[in-house]
Structure formats: C-alpha cells, structure tokens
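There are 2 protein chains.
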Amino acid sequence: MAQDQFVKEVADMEKDFPQWYTDVILKTQMVDYGPVKGTMVIRPYAYAIWERIQEELNKRFKATGHQNAYFPMFIPESYLKKEAEHVEGFAPEVALVTHAGGAKLNENLVIRPTSETIICEMFAKWMQSYRDLPIKINQWANVCRWEKTTRPFLRTSEFLWQEGHTAHATEDEAREETILMLNVYKEFAENVLAMPVFTGRKTDKEKFAGAKETYGMEAMMLDGKSLQAGTSHYLGQNFAHAFGMKFLDKDGTQKYAYSSSWGVSTRLIGALIMAHGDERGLVLPPVVAPVQAVIVPIAAHKGGVNEKAAELLAALTAAGIRAECDTRDMSPGWKFNEWEMKGVPVRIEVGPRDIEQGQAVLFRRDTLEKETIALCDLTARVCELMGVIQANMLEKSRNFRDSRVKTVTSVEEMLTALDGKNFTKAAWCGDRACEEAIKEKTAATSRVMTDDELVSDVCVCCGKKAKTNVLFARAY
Amino acid sequence: MAQDQFVKEVADMEKDFPQWYTDVILKTQMVDYGPVKGTMVIRPYAYAIWERIQEELNKRFKATGHQNAYFPMFIPESYLKKEAEHVEGFAPEVALVTHAGGAKLNENLVIRPTSETIICEMFAKWMQSYRDLPIKINQWANVCRWEKTTRPFLRTSEFLWQEGHTAHATEDEAREETILMLNVYKEFAENVLAMPVFTGRKTDKEKFAGAKETYGMEAMMLDGKSLQAGTSHYLGQNFAHAFGMKFLDKDGTQKYAYSSSWGVSTRLIGALIMAHGDERGLVLPPVVAPVQAVIVPIAAHKGGVNEKAAELLAALTAAGIRAECDTRDMSPGWKFNEWEMKGVPVRIEVGPRDIEQGQAVLFRRDTLEKETIALCDLTARVCELMGVIQANMLEKSRNFRDSRVKTVTSVEEMLTALDGKNFTKAAWCGDRACEEAIKEKTAATSRVMTDDELVSDVCVCCGKKAKTNVLFARAY
Chain A
1 MAQDQFVKEV ADMEKDFPQW YTDVILKTQM VDYGPVKGTM VIRPYAYAIW ERIQEELNKR
61 FKATGHQNAY FPMFIPESYL KKEAEHVEGF APEVALVTHA GGAKLNENLV IRPTSETIIC
121 EMFAKWMQSY RDLPIKINQW ANVCRWEKTT RPFLRTSEFL WQEGHTAHAT EDEAREETIL
181 MLNVYKEFAE NVLAMPVFTG RKTDKEKFAG AKETYGMEAM MLDGKSLQAG TSHYLGQNFA
241 HAFGMKFLDK DGTQKYAYSS SWGVSTRLIG ALIMAHGDER GLVLPPVVAP VQAVIVPIAA
301 HKGGVNEKAA ELLAALTAAG IRAECDTRDM SPGWKFNEWE MKGVPVRIEV GPRDIEQGQA
361 VLFRRDTLEK ETIALCDLTA RVCELMGVIQ ANMLEKSRNF RDSRVKTVTS VEEMLTALDG
421 KNFTKAAWCG DRACEEAIKE KTAATSRVMT DDELVSDVCV CCGKKAKTNV LFARAY
Chain B
1 MAQDQFVKEV ADMEKDFPQW YTDVILKTQM VDYGPVKGTM VIRPYAYAIW ERIQEELNKR
61 FKATGHQNAY FPMFIPESYL KKEAEHVEGF APEVALVTHA GGAKLNENLV IRPTSETIIC
121 EMFAKWMQSY RDLPIKINQW ANVCRWEKTT RPFLRTSEFL WQEGHTAHAT EDEAREETIL
181 MLNVYKEFAE NVLAMPVFTG RKTDKEKFAG AKETYGMEAM MLDGKSLQAG TSHYLGQNFA
241 HAFGMKFLDK DGTQKYAYSS SWGVSTRLIG ALIMAHGDER GLVLPPVVAP VQAVIVPIAA
301 HKGGVNEKAA ELLAALTAAG IRAECDTRDM SPGWKFNEWE MKGVPVRIEV GPRDIEQGQA
361 VLFRRDTLEK ETIALCDLTA RVCELMGVIQ ANMLEKSRNF RDSRVKTVTS VEEMLTALDG
421 KNFTKAAWCG DRACEEAIKE KTAATSRVMT DDELVSDVCV CCGKKAKTNV LFARAY
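In order, the protein sequences belong to chains A and B. Here the numbering used here is used: the first residue of the first sequence is 1, the next is one more, and so on. Here the numbering used here is used: the first residue of the second sequence is 1, the next is one more, and so on.
Simulated from the structure, these hints should not be mistaken for laboratory data. None of the values given here were measured: they were computed from a predicted structure. Hints are not guaranteed to be accurate.
No distinction is drawn between identical chains; accordingly, a pair holds when it is met within one copy or between any pair of copies.
[Said to hold, decoys possible] Subject to a maximum C-alpha distance of 27 Å in a straight line, what follows is the list of computed DSSO-like cross-link-like pairs (lysine-lysine):
| hint | residue 1 | residue 2 |
| --- | --- | --- |
| 1 | Lys82 | Lys37 |
| 2 | Lys27 | Lys125 |
| 3 | Lys37 | Lys148 |
| 4 | Lys255 | Lys104 |
| 5 | Lys148 | Lys125 |
| 6 | Lys370 | Lys246 |
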C-alpha cells in the first residue's frame, strides 16, 4: 500500500525525532544543505511559509507604528567592541571579511550577527531633539552566526530574520515597547502559527549579550523540548552610551536615549514543523500553509472529472483559498501521500461517482477525518474549515503542552519529568550557580521566569529562599 | 518665502545634476551613508518604495510561473572559478570571508556578487529527469560588489536585488524565458515606474560575465545619461557544463540543461529619482509612492478643520489610497515644501473657508497645478488622479526621451549630440575596437543594439559595412 511505503520513508518520530525532522524537511523539499557547512537553501515550499510569516508580522509591526528599513550587513569590527558584553557574546561566532576588491582591508568587517551596533550608530546621527523620538524601525535581513553544530532552520551559519530596533526618550517608554513586542509575538505565535508559547523574562545567564533584560517566548516541541521562538530585549542605555545616542530633551538638557530590540527568524519554520507534525509528515496551520486545499481528481481519464476539478479550483481561488489541482500523471494514492506529507490542511477528492452524486470527499489533515460534502456547499465548507482547523490545531497544541508541564520540588523529580518529555516548573533562589548545577545534572536550562505564585518556598536546587518560579526544559 | 528657502536647499539640477541628486536623497531621508565606505542605509521612505517594487514584481514573477526561494550568501571561492569568464568578471570586486567562528577557514568564502554558481550547483542536484524541468526560481537578496566609486542606489558595495534563475531542457525554452523576463521588466518599468525604456541585446563587450547573450533595458535620466535598469541573460550551457546540470531526457540520453538569469536592484530607486525629479525634489509615480495623497490642514486651530481633515483621511484610506494627514505643529508653507520635496503625487489643502464652501484645493505634484474640488467628490477625484498622474508621468518621460535620441553618422556628430544631453543612435560594424574607440573619444558606451532599419550602411566609427544600429550614450 502506498501509505505504508511512505511511512517507511520517514523515521518513526517516537523513536528518533531528530531523524524524523530531517526526513520531513528534506522529503517535503522545504530545504536542502548549502555547499558551505552549516548553510541551508530555503526551497520554495518553505520560503512560501516565510513569506506568509513576513506578511502577518509586517501587518502587526505597522499597526504598532514601526517602519521597515535596511542597514548594511558589514559592520566595522571596532563597533562590536564598543559594548563590552555584546562583543563577549558575539565575537566567537562572527564571520570576518578581511579582503575586498582585491586588497586587504584596513579594518576587518564583521558580517552582522545582529545589528544593534550599526543601527544605534545611525540612530545617534538621526536624533537631535526629543522631537525625533521615538524611532521605531524594523528590518528583514540575513544574519550570520558561525555555529559548530547546525540543523536546518534551527541553527544555521546564515539565517533570515527580522530585527526591530527602537529608541525612546524615557525608560518607561522603552520598557513598554519591549513588552508590547513580546506580546505581539505571542499573539502571532498563537493565532498565525497555532503555537501556544510561554513568555517571560530570561535569567541573566540566558539574556542577550548587551541587554539589561531579555524577554523570550518558548514553544514546546512534540518531543517535549523547548524552542526559543522569539526574544525582545530592553537595552536600557547600554548601547546609547556606547554609540552616543543623545538628544536634547524638552528641559534643554542632553540625555541618552533608551533602546529596545526584538527578533524572530526562520527558526519559526522549524518550530512549526516540530510543534504540529505527525507520523505522516507536516501538518500546517491554514494561515501559513502555502497550499490550503488541494484537489485530487480520481479516475481523471473519465469524462468530466478534470473539468469539474478545474471548476472547483476556480471557485476556491475566487473565494481567496490558496488552492491547487493536482493533475499530474500519478495515482491518487501517491498524491494523497505526498500532500499529506506536505501538510496541506484540506484535500478534496472528486471522481466520476462523486460527480454523479453531486458531492466530493474532504479530508482534514489535522484530524485525518473524511467527510462527504455536496458540491454546491464545497467552497463555503472549505473556507469554514480553514478557521476550524486553525483553531483546532491551537487547542490541540495547548492541551498537549499543558499536560506536559510538571511542577517539581527537587532536581531528581525534575530529571524524571524531563526524561518523560515534559517541561518543569520549579522555584529558584535567583543564583546563577543553581542554574548551572541544574544544567549540569539534567541538561535542562532555564527558559523563562514566570510571575505566578511560588511552587515552593525554597529553591529546587540549593534549598535557600526562592525568589521566582522558572520553567526549566531541555531546549533546541 | 518658504518655497525660495527650499529651492536654496537643493542644488540647481541644470547646473549640477549629481549634487541635486545627493541633496534630494539625503534631504528626503531616503538614504544615509553607512559607516563602511560604499555602503548605504535605506531609510523607511525609500524602503517603502522598494517594497512596492517587490510587490509589483512578485505579482509578475508568479504570473509567469516563478517561485521565490533563498540561497546562501556564502559561495566557496572555488565555485566562482568553475566558469572562466564569470570569475574574470567578478573576482576583482568580491569581498572575501577568510575567518569565521574564531578560526581561519580552509577555503575562503565569497559573499555572492550574483548567485549563478551556487544556484546552478543546487539545480544540478535537483534535476534528474526532464520531468524536473523547467526549474524557475527567483530570490530577493543582498549582494556585494566592491566598487571604487560609489553613489547611493546607483552603485554601492552592498545592494538589494532580485535574481531569477531558470533551467530548461531546450535552448528554445531558455531563450524564450530570457526574452519573456526582459519584456516583464519593460512592462513593469513603464507601468509601475512610469519610466520608458529601450530594450535590446548588449554587445559582447557589455554582456554579463559568463552569459552567451545579455539583454538590457536602458532608461534615460534627466541629464541625458543612460541608466541600465535591468538585465536578462541567456546563459546557454555555460553554467550547466561548469556545474554538471544534466538530466535524463525523454529519449533516454543525458543532456546538459540551458539556463537563464535576470535581475533588477535597488538601482531602480535611483532611476526613479533621476527620471522624474524636478527643481523641487522628487516626483513619484502614484503606483510606487509610499504616500499617495497628503492632507495639509490650513489654520488647523480653527474649529472643525482637524475633524474634517480626519474625516477626509478616513475616506481616502477606505478607498485604498495611501494617505496621510500632516497635523504637525509647522506652518502650511513649510509642509507644502516638505511634501513636494518628497514627491507626494497629490496634496489636499483644507481650511475654514474651504469647509464653509464645501470644497478643498488639490495640488498635483507632476504638473504643479491646483484645482478646487467639492468635498463630496474629493475621494473619487483623488482616486482618478492616481491613474491620470501615472499616465501623464509616463507620457512626459516618453516625450522627453524621444526628443533626445539623435541619429548620428559620425563620431563628431555623436560627440555634439552627447554634449547636448542626448542618446545617439548609430550604425556599427560589430567590431569591438570601434566600440572602444568611441568610448575613448566620447565617453559613451554601447547600451543596446536595436533591430530597426540601419541608419547608415557604414559603421559610424570605421566606415566599414554596418551590421546593426546601436544606442550609444554616457551611462551611470
């Protein structure tokens, strides 16, 4: 059976999740390995998802008063060194341009691992008075972080992302922006990617190099590991001091600005795959699916089938559905497998008998359920299903996640819970040494601090007075 | 007078066109210089134009069967050397990454100056049989070409572009694609940028390094110089041989594929500025203008003015116009100047007396004409004006251009015509030595060959038998 053949093609996700991931991304032609180690080619099927992500985020960025721009990828090496923590964090991973135009450069150029330095340098030029503030800019760009261990979408030497950078006259405003964008990300993750996330402040150990505070959103993958899906940083005046971001305030004095930065990347595509997939391959939420509905004609050689399929395609397209009709010279079973592997939310099967009876069969990728629908109701039902499937996927993910967060009060309990593919919530004293000891013993890291009632009065690790709850999980 | 003040701010375009260009792009906040020599920051006002260009081109690329993807920016240095002409053309301008992740690399990496090499390497992996062809892909990316003399948008070390790359089973198909995309560019330049272009084949001297044939589109700037606004290359089997792009054809034999590539860049923004601007600054075609209509309230402190302005803004926005209402605490005159400098197609002035009389004043940036319009007709009139202005700008540009193409039959005549800010059309023998002699004497280069009737039986330079007409012009 064709289905069995396909099942054999991808690894068992329960037994070998990493191999399942690799099989799925390669076989669905989402990605290929680039010739340089650690690089990836984003093929059309994945790039179309990225374009949907861009479109949805651009809407939200614009609605919150941001404008897109583009800054150079070449950063003078000296810039990186102006903010002490920043250089310490990024210097080990940068790629250096030493020669250009046939000559050695006077100063090496860093290919941006992130753009705080060059953007703050420009902001400093652009702000004279408080009237020039706030500056709220976003850029879509490629960035480079040279990593030892790489995996497509999750960690690559070059990746695509957006980075928002803002400058404000006051601390309050900059802090507000940081939290606003964290919440934009959260709403986006839930409503566009159907992926519930935990948000919260990161511990100092896990914060962005150069930030005062980092806030993150963490999503649970199907193997119980956490994936950092986005971050928003309150930078205080750190970069303002380093780059001279000063302005003349209303009171006639020169002040340093406060800044924020926030970003999400092509990592989100990896998150999407690992949050929703199943043994048949991808399961894509309708909002980002490049193809939302695919029509597979059955016994297409019989009179009228292809004509009817084309008619249905036209009606779906006119209704705003991203639809395709698969007229390739392959068996329906082969096509079913391929489109299931590609995660298309709805499949429409239509053959001579269906047409005779004025109906078609709909197959839902998220539930694997079939239903029969009158042809006259088909377009309306497919439109309706887009919302139904999107909502169901979010609910399913939320239930999965909520069932896998365990409150623990000892490191042993934590270890057991982690081995059972769970996140763990524990009370923590605030001491970095405890974080490090936990990582050492369990391979879990602190993901975010949560504001809720303490699960214990004492730290899960050292037994001293606890200050906050922390989600600990193994992470990508 | 405020207008006079502004006029003093930008150089006289008749006397110093390059300075006028620099003044305009900086004062309208389209661009700023990056910290690394030859780089530019594309600020929101220009980036918004680029987004409109992307949107319009994406529509056309998709309609002609292309898909977007993304390939790594790092190309192993050895790849560049696989196609002899290609490396000769690009090696002098590349930037090299020699160190990454704290260590010297085993092989230097070139930052893509263009991506034929890496894309053909991937295409070779993806094509097994004729069923896998054609492959028709586009990418939006940054590229790097280290140039000695740079100017924002026109020539920068890093710029943004799109590059289409296709592979086909037959020569005919690849040639067809090359011409198809040249025509897509031409239609786009005319209908979106309101910029008429000459298209045609480039001489061997001017063709892309590694191409069999290059086709270009050339636009006339207001100083009579030509700007190469886009190119489409027929690559034959050059890259197929270099990268092993082979497939099993229907007849059971292995064959090399035929490929094409084509691109336009942020240069188009420079073209737009220099094709349409005037002594007051930018003049933007409505299709790409970030702001299509701006409302300037007059005597805004008087009751009802701001309310009426907000109402008009809402109506314009609802009608799909990209509109803004300028409520800043500045004089109307100051605002008029600023928005004129920014090239906004329509300005709407509304004050207490206008409101009393149920009317507003419209100002057209392209003709500098004012008209009075009843408030109830305003939205409809602005919508109509978008089309009227777009068409008028194209016609004006076409008339300007057509009046400045001179047929010449001697190099002396050519020199006179060029000095008078014209393009010249001349008959040419096909000999590269004549092209070089002409360049030496006139500083003009061959732009494209034209298919029309020979303007002379003999070559404008050497007097030998002519083979084709060529447009010669001084160029950016």
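Do the hints match the structure? See the list:
1. Taking identical chains as interchangeable, the C-alpha atoms of Lys82 and Lys37 lie at most 27 Å apart only when they sit on different chains, with a minimum of 20 Å there against 30 Å within one chain.
2. Only between protomers do Lys27 and Lys125 lie at most 27 Å apart by alpha-carbon distance; the minimum there is 14 Å, versus 49 Å within a single protomer.
3. Taking identical chains as interchangeable, the C-alpha atoms of Lys37 and Lys148 lie at most 27 Å apart only when both belong to the same chain, with a minimum of 9 Å there against 32 Å between chains.
4. Within a single copy, Lys255 and Lys104 get their C-alpha atoms no closer than 39 Å, and across copies no closer than 42 Å, so neither meets the 27 Å cut-off.
5. Proximity of Lys148 and Lys125 under a CA criterion of 27 Å is satisfied inter-copy only: 25 Å between copies versus 37 Å inside one chain copy.
6. Taking identical chains as interchangeable, the C-alpha atoms of Lys370 and Lys246 are never at most 27 Å apart, the minima being 63 Å within one chain and 42 Å between chains.
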